[in-house]
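Given chain F's structure and the hints, the job is docking chain E onto it.
Note that the protein sequences, when read in sequence, are chains F and E. In terms of my numbering, the first sequence is residues 1 to 122. In terms of my numbering, the second sequence is residues 1 to 259.
Where hints are given, some of them may not hold.
Stated by the list, open to error - Each computed BS3-like pair below joins lysine-lysine, with the alpha-carbon atoms no more than 30 Å apart:
#1 K155/E with K181/E
#2 K42/E with K119/F
#3 K169/E with K250/E
#4 K125/E with K15/F
#5 K79/E with K197/E
#6 K155/E with K169/E
#7 K15/F with K100/F
#8 K155/E with K79/E
#9 K119/F with K100/F
#10 K119/F with K79/E
#11 K125/E with K42/E
#12 K169/E with K125/E
#13 K42/E with K5/F
#14 K15/F with K169/E
#15 K250/E with K79/E
#16 K100/F with K79/E
#17 K197/E with K169/E
#18 K100/F with K5/F
As the list claims (entries may be wrong) - So the derived list for chain E, only partly shown, Cβ under 8 Å to chain F, looks like this:
#19 N28
#20 R31
#21 Q148
#22 N152
Unchecked claim - To be clear about the criterion: a stretch of chain F counts as covered by chain E if any three or more of its residues have a C-beta under 8 Å from a C-beta of chain E, and this derived list gives those stretches:
#23 92 to 101
#24 105 to 114
Just so you know, these hints were derived from the structure itself, not from any lab. The C-beta atom is built at its ideal place from N, Cα and C for all residues, glycine as well.
Listed below are the residues making up each chain.
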Amino acid sequence: MSTSKTVLIIEDEVKLRRAVAAYLEDSGYRILEAVNGREGIARIAEHQPDVVLTDLRMPEMNGLEVVTWMQQHSPQTPVIVISGTGDQHAVDTSLAAGAKMYLTKPIVDLAELDVAIQKVLG
Amino acid sequence: MMSLGGLAAGMAHEINNPLGIISQAAQNIERRMSVALPANQKVAAELGLQLELMQAYYQRRELPAFIQDIREASSRAAKIIANMLQFSRKSEMERKPVSLAEVMNRTVDLAASDYDLRKQFDFRKIEIIREFQPDVPELPVVVVEIQQVLLNLLKNAAQAMAERPSGRKPVITLRLRREEKYAVLEVADNGPGMAEKVAHRVFEPFFTTKSPGTGTGLGLSVSYMIITQNHQGFIRVESTPGHGARFIIKLPIPDRASS
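Isolated chain F, as found in the complex (with noise of 0.2 Å):
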């Protein structure tokens, strides 16, 4: 498949976010990556990518925020929560902040992931 959609992934832990770059770049995507919420908004602000993927719990600025300001300053931008905070809770508020998505980690088959970005991508 190829493609040239641009994925940011903004993810603290940096193992998890280099697997799941490495799967991304492989089915065609142009990777973007963060360390936290605050790097990521300015990624956002200067490479206007396509989807962003974010984890809820880092330090500095959390997923939320993210998704908050998102919906301020880019609403058009569809972002998929990824959390191991599986919480009601957790989703409710993510999806009312306006998360398009919510997904529970450990993602075990990221041909899900590939799906959900293909999903809010429309």
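Then chain E, alone, in the frame of chain F:
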């Protein structure tokens, strides 16, 4: 002091990331070993490497099977984590007075249609006897949680009877009665039963008598938390080897429901 549930949730959450790294790295290796992926073909061509030969080597040395083992094991661990997280999940779910007899009946229907259950045995071949006393008032419980506990007990009973058939027709008896300020629910089977030392440990997290990969050892400990912490009740087991097992749940009847 931190509760067992809080500790379990904290651990579960911390384990998720390394677990994700393991399973996702394995998946990347699998994909990057493939002959079909264009990116692999490109790099192989740059290096003058014959991917088909490399693939043949992988197969001969069983590398795909080892990678598959990593993926399956991490997926199993992920299931355990998901179960552990249930320990801590606060019961914000709605409680409304319900008929426990109805909950028990519905759970039997659920068990009969459960795919996992059907894979191992036919639940419909088990005779279900219901002995429900009519004087039990409706109780405010979290229905999905009580169903989870009952389903778990039904599954365990059915599994035990299927794994070690006694020659008798498998029977599960469900009982519901009132004992003073408690509603008492029972799930009894006529299966192999269990030794006293097993009965003492069945509610411990990670204790299991099932073969590896079959049980997580968390079903009954989660049930225990649901009954004791979330519903302020009691759960215990009575069993004699060769004569089946009987799980007894007692749920308090609030004053206003007792009239």
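Quick rundown of the hints versus the structure:
1. K155/E with K181/E: 29 Å, holds
2. K42/E with K119/F: Roughly 28 Å between the alpha carbons, so the hint for K42/E and K119/F holds.
3. K169/E with K250/E: Given pair K169/E, K250/E holds - Cα atoms ~28 Å apart, limit 30 Å.
4. K125/E with K15/F: Distance of about 50 Å is beyond 30 Å: violated.
5. K79/E with K197/E: Given that 30 Å is the threshold and the Cα spacing comes to 27 Å, the pair holds.
6. K155/E with K169/E: Status holds; Cα separation ~17 Å.
7. K15/F with K100/F: Cα-Cα ~25 Å, so holds.
8. K155/E with K79/E: The hint holds at about 17 Å.
9. K119/F with K100/F: 10 Å, holds
10. K119/F with K79/E: 25 Å, holds
11. K125/E with K42/E: 57 Å, violated
12. K169/E with K125/E: Satisfied, since the Cα-Cα distance of roughly 9 Å is no more than 30 Å.
13. K42/E with K5/F: 21 Å, holds
14. K15/F with K169/E: Not satisfied, since the Cα-Cα distance of roughly 54 Å exceeds 30 Å.
15. K250/E with K79/E: 29 Å, holds
16. K100/F with K79/E: Holds - the C-alpha atoms of K79/E and K100/F are around 25 Å apart, at most 30 Å.
17. K197/E with K169/E: 27 Å, holds
18. K100/F with K5/F: Holds, at about 17 Å.
19. N28: 5 Å, holds
20. R31: With a closest approach of 6 Å, the R31/E hint holds.
21. Q148: 15 Å, violated
22. N152: Violated, because the Cβ-Cβ distance from N152/E to chain F comes to roughly 20 Å (cut-off 8 Å).
23. 92 to 101: Check failed, 0 qualifying residues.
24. 105 to 114: holds (count 6)
In this structure, the hints that do not hold are numbers 4, 11, 14, 21, 22 and 23, in rising order.
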